[in-house]
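Engineer: So the chains spell out like this:
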Amino acid sequence: MARKQPAKGPFNLDLSLERNKGALIAILYDIQEHYRYLPEDVLKELAQKIGKPLIEIYRVATFYKLFSLKQRGRHQLKVCTGTACHVRGSERLVEEISKSLCVCRGETSADGEYSLDTVNCLGACALGPLVEVDGEYHGNTTPQSLKTILEKLKSGENKE
Amino acid sequence: MVTFVLNGLEISVEKGTTILEAARFYGIGIPTLCYNEALSPYGACRLCLVEIGVPPRSRLVTSCTYEATEGLVVRTHSERVVKTRQMLIEMYLATCPSSKVIQDLASKHHVTRVRFRQKQEECILCGLCVRMCEEQMQAGAIGYTGRGDSRRISTFFDKKSEDCRFCGGCQYICPACQARCQGPQEKEAVCNACLNLAPPCLEHFDHVMCYMDPCVACEEKSGREPRKTCCK
Ligand code: FES
Ligand code: FES
Numbered sequence: 016m017a018r019k020q021p022a023k024g025p026f027n028l029d030l031s032l033e034r035n036k037g038a039l040i041a042i043l044y045d046i047q048e049h050y051r052y053l054p055e056d057v058l059k060e061l062a063q064k065i066g067k068p069l070i071e072i073y074r075v076a077t078f079y080k081l082f083s084l085k086q087r088g089r090h091q092l093k094v095c096t097g098t099a100c101h102v103r104g105s106e107r108l109v110e111e112i113s114k115s116l117c118v119c120r121g122e123t124s125a126d127g128e129y130s131l132d133t134v135n136c137l138g139a140c141a142l143g144p145l146v147e148v149d150g151e152y153h154g155n156t157t158p159q160s161l162k163t164i165l166e167k168l169k170s171g172e173n174k175e
Numbered sequence: 002m003v004t005f006v007l008n009g010l011e012i013s014v015e016k017g018t019t020i021l022e023a024a025r026f027y028g029i030g031i032p033t034l035c036y037n038e039a040l041s042p043y044g045a046c047r048l049c050l051v052e053i054g055v056p057p058r059s060r061l062v063t064s065c066t067y068e069a070t071e072g073l074v075v076r077t078h079s080e081r082v083v084k085t086r087q088m089l090i091e092m093y094l095a096t097c098p099s100s101k102v103i104q105d106l107a108s109k110h111h112v113t114r115v116r117f118r119q120k121q122e123e124c125i126l127c128g129l130c131v132r133m134c135e136e137q138m139q140a141g142a143i144g145y146t147g148r149g150d151s152r153r154i155s156t157f158f159d160k161k162s163e164d165c166r167f168c169g170g171c172q173y174i175c176p177a178c179q180a181r182c183q184g185p186q187e188k189e190a191v192c193n194a195c196l197n198l199a200p201p202c203l204e205h206f207d208h209v210m211c212y213m214d215p216c217v218a219c220e221e222k223s224g225r226e227p228r229k230t231c232c233k
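Chain order of the listed sequences is A and B. To convert, take the position in the first sequence, counting from 1, and add 15; that gives the working numbering. To convert, take the position in the second sequence, counting from 1, and add 1; that gives the working numbering.
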């Protein structure tokens, strides 16, 4: 993604405002990218700066599934539960991940490492069941291949 | 000026006038729920449907948001419109039977049954309160959150809003907040009690004598005997 904020250091709201010419969704996207969620005080500051009522920003933030108002994990897992993936057993994968990473669906694990979401169709039904790990698609996932994916994820995190 | 046909009548209105405004100006009643003259039209309730065009190529549009155009053919009370309207009211009854506004609409449009699964919703998402708060009160304290079936009206982070001045405008305008009359059929989804009430003046006069809505049964209230017309 081209428009990545430097992940370190405080978030520069003015810079984002200027770069996105005040386009709300793009700014929210920047905030989310930096904090991994939309913190309340940043939204308040944003509302003040662009001169819109707070509720307007909240409305947009709650409308899109992409935005989260709660802290998300460092690694984001998405399991497709769309029709095609569902009939190929994505439900089992969700359970598998839940158990292995100690994270409920739609939530973040207690250590703040992983968050697990279910989505409806990632647009690659032929590859179903589909699991997305940190933006990377894993097609034709089986419980076995899932295990290796998760193992890699866990060990990668240990190395860091 | 644009000229268009409203129920077979050729009329001219200022450019930019909606069908609803034009119809109201010419005295044709179109029921509405989410419309208020003081607020911007929103098109949420669909009750103000009218049929435009000539069948079989006609279609239903919401008159509160549709601006009249040159040569448009509009029918406000065609069979299709009336049926659809009744269906809509029936669905509103199934959603929020506790509202007086909706019960009144049902009686007025002869909706006497509900064939849908009964719910007890407190909000019909007409958006009147949101527009009231933003446009008239200039506060912008409440608004929509979420989407789909989890859409609801709320404040920023569901907390007490700092922008709210407790003006009560949202409650004033809310059609769902108006509790229905507590008649004998209180528990039923559809009350229809006013359907059984004939205005008392009808026994004595051939014509409707006043245009009060609802009928206040004026003679009865003042304790006077209804005056008899001499020829009867
Ligand atoms: S259903 Fe999973 S990608 Fe379409
Ligand atoms: S009054 Fe037109 S849609 Fe509600």
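Please note: incorrect hints may appear among the correct ones.
[What the hints assert, rightly or not] Below are the BS3-like pairs computed for lysine-lysine, each with C-alpha atoms no more than 25 Å apart in a straight line:
(1) Lys109(B) / Lys67(A)
(2) Lys80(A) / Lys160(B)
(3) Lys67(A) / Lys161(B)
(4) Lys120(B) / Lys59(A)
(5) Lys93(A) / Lys67(A)
(6) Lys85(A) / Lys160(B)
(7) Lys120(B) / Lys109(B)
(8) Lys59(A) / Lys161(B)
[Claimed, not checked] Quick look at which bits of chain B chain A covers, simulated, 3 or more residues with Cβ under 8 Å:
(9) 9-21
(10) 105-115
[As the list claims (entries may be wrong)] DEER-style ranges, computed between Cβ atoms:
(11) Glu123(B) / Gly121(A): 21 to 27 Å
(12) Asp150(B) / Asn35(A): 18 to 24 Å
(13) Glu189(B) / Pro158(A): 52 to 58 Å
(14) Gln87(B) / Lys162(A): 40 to 46 Å
(15) Arg120(A) / Arg58(B): 46 to 52 Å
(16) Arg89(A) / Thr70(B): 55 to 61 Å
These are calculated hints, taken from the structure and not from any lab test. Bear in mind the structure is a predicted one, so any value in this text is a computation, not a measurement. Quick reminder that beta carbons are idealized off the backbone N, C-alpha and C, glycines included.
Engineer: With reference to the structure, classify each hint as holding or not holding.
Structural biologist: So, going through the hints one by one against the coordinates:
1. Lys109(B) / Lys67(A): Violated - the C-alpha atoms of Lys67(A) and Lys109(B) are around 41 Å apart, more than 25 Å.
2. Lys80(A) / Lys160(B): 21 Å, holds
3. Lys67(A) / Lys161(B): Distance ~18 Å between Lys67(A) and Lys161(B) Cα, so the pair holds.
4. Lys120(B) / Lys59(A): 37 Å, violated
5. Lys93(A) / Lys67(A): Given that 25 Å is the threshold and the Cα spacing comes to 33 Å, the pair is violated.
6. Lys85(A) / Lys160(B): It holds: about 15 Å lies between the C-alpha atoms, which stays within 25 Å.
7. Lys120(B) / Lys109(B): 22 Å, holds
8. Lys59(A) / Lys161(B): 14 Å, holds
9. 9-21: With 0 residues close enough to chain A, the hint is violated.
10. 105-115: violated (count 0)
11. Glu123(B) / Gly121(A): 21 to 27 Å: 26 Å, holds
12. Asp150(B) / Asn35(A): 18 to 24 Å: Since the Cβ atoms of Asp150(B) and Asn35(A) sit about 31 Å apart, the hinted range of 18 to 24 Å is violated.
13. Glu189(B) / Pro158(A): 52 to 58 Å: 53 Å, holds
14. Gln87(B) / Lys162(A): 40 to 46 Å: 58 Å, violated
15. Arg120(A) / Arg58(B): 46 to 52 Å: Check passed, 48 Å falls within 46 to 52 Å.
16. Arg89(A) / Thr70(B): 55 to 61 Å: 56 Å, holds
Comparing the model with each earlier hint shows violations of hints 1, 4, 5, 9, 10, 12 and 14; every other hint is respected.
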